[in-house]
Amino acid sequence: MTNEEIKNKISNLYPSVTFDETSQWLQTYIESVSFLPFAEFLQNDRELNFDYLFCLTCVDWKTHLTMVYHFTSTFSRHILVVKSQLNRENPVIHTVSHIWRTAEFHEREVFDLFGVKFTNHPDLRRLLLTDDWNGYPLRKDYQDPVNMIKL
Amino acid sequence: MSEEKNKPEPFPGEVHPTSGGGILVSRIDDVISWARANSLWPLVFGTSCCAIEMMSTASAKYDWSRFGFEVARATPRQSDVIIIAGTIVNKMAPVLKRLYDQMPEPKYVIAMGACATSGGPFFYNTYSVVKGADHIIPVDVYIAGCPPRPEALLHALITLQKKIKEGGKRKKIIIDRFWKPENKDL
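As you go down the protein sequences, you meet chains A and B in turn. With the numbering used here applied, the first sequence corresponds to residues 584 to 734, in that order. With the numbering used here applied, the second sequence corresponds to residues 63 to 248, in that order.
The shape of chain A in the complex, shown without the other chains (with noise of 0.2 Å):
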């Protein structure tokens, strides 16, 4: 499918999703309270099928932080991206583990470093980080004055 042809397959169902071409690829931005239903869509939708999530991962942008999904249909090869901006005191987003597997780690690295809080993920624990360990070090507030860490 073309970009127009995704574009408009998703405004008809989801008009409030608002799209972006500026870069690479085609990106659409969606409420964090409506990512599951959209997300499930996008994988179920017959036409669309992206069966692949290559890249999952979070950017801080000290007011909001913004989780992004790369989607990719191994049929069609076309590909999206996928952005929802989350409260910075309180990230809660939907898990996709359930959908694409691969999200599993993927989740638990962003729950790990950016400490967004993944609902209904099946094993939220840390990934790379020891059990006692304090902050999100891939935020952009992380300090540590022993390590000489202040962005």
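Please note: incorrect hints may appear among the correct ones.
[To be verified] Pairs of lysine to aspartate or glutamate, EDC-like flavour, derived with a Cα cap of 20 Å:
no., chain 1, residue 1, chain 2, residue 2
1, B, Lys153, A, Glu692
2, B, Lys153, A, Asp727
3, B, Lys227, B, Asp163
4, B, Lys153, A, Asp715
5, B, Lys153, A, Asp714
6, B, Lys153, A, Asp643
I should point out that these hints are in silico values taken from the structure, not numbers from a laboratory.
Given the coordinates of chain A, work out where chain B should sit on it, guided by the hints.
Same frame as chain A, but now just chain B:
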């Protein structure tokens, strides 16, 4: 063997000529150091891009087996020298310490590159990197560079050999000049 100086270079000791040959006088400590220095077996240990240069040093073009390093061992129980080729993160630190503890005496350590020497590019603003491998284990020779060229690693290995041959008492190495062979005949 050079007859004039009565010194069987590079073997330690002096030759006293007699009719029909000669008598070699040496010290057993020097002979042991000489043997040790010329058969240093490195541990197969690399944590990042410096390991690529180390592999290059081991392979045909630079070929560290010319100096007795060819038998890279995959177990610390059989190795003499550990080349810390790459970044040491906090999670790797206990592993490195254990590998060092498992090596039999005498054992030597080379810190290769900026990360192993001081943390290098990860000195500031990194939550996971050890700022120098010498926080974990004692280091004999440091190499500058990011990563160092194979020539620099060879220089470090030869420096370590000199240190061993001199009974581990080599003076602090001056690093603000390029290496020149001390013996011009080499």
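Hints and how they fare:
1. Distance hint between Lys153 (chain B) and Glu692 (chain A) is fulfilled; the C-alpha atoms sit about 16 Å from each other, no more than 20 Å.
2. At most 20 Å may separate the alpha-carbon atoms for a hinted pair to count; Lys153 (chain B) and Asp727 (chain A) meet this at roughly 17 Å.
3. Using a Cα cut-off of 20 Å, the hinted pair Lys227 (chain B) and Asp163 (chain B) is violated, with the two alpha carbons roughly 23 Å apart.
4. Taking the CA atoms of Lys153 (chain B) and Asp715 (chain A), the gap is near 14 Å; set against the 20 Å cutoff, the hint holds.
5. Proposed proximity of Lys153 (chain B) and Asp714 (chain A) is supported: the alpha carbons are some 12 Å apart, at most 20 Å.
6. Proximity of Lys153 (chain B) to Asp643 (chain A) is assessed by CA-CA distance (about 25 Å); at most 20 Å being required, the pair is judged violated.
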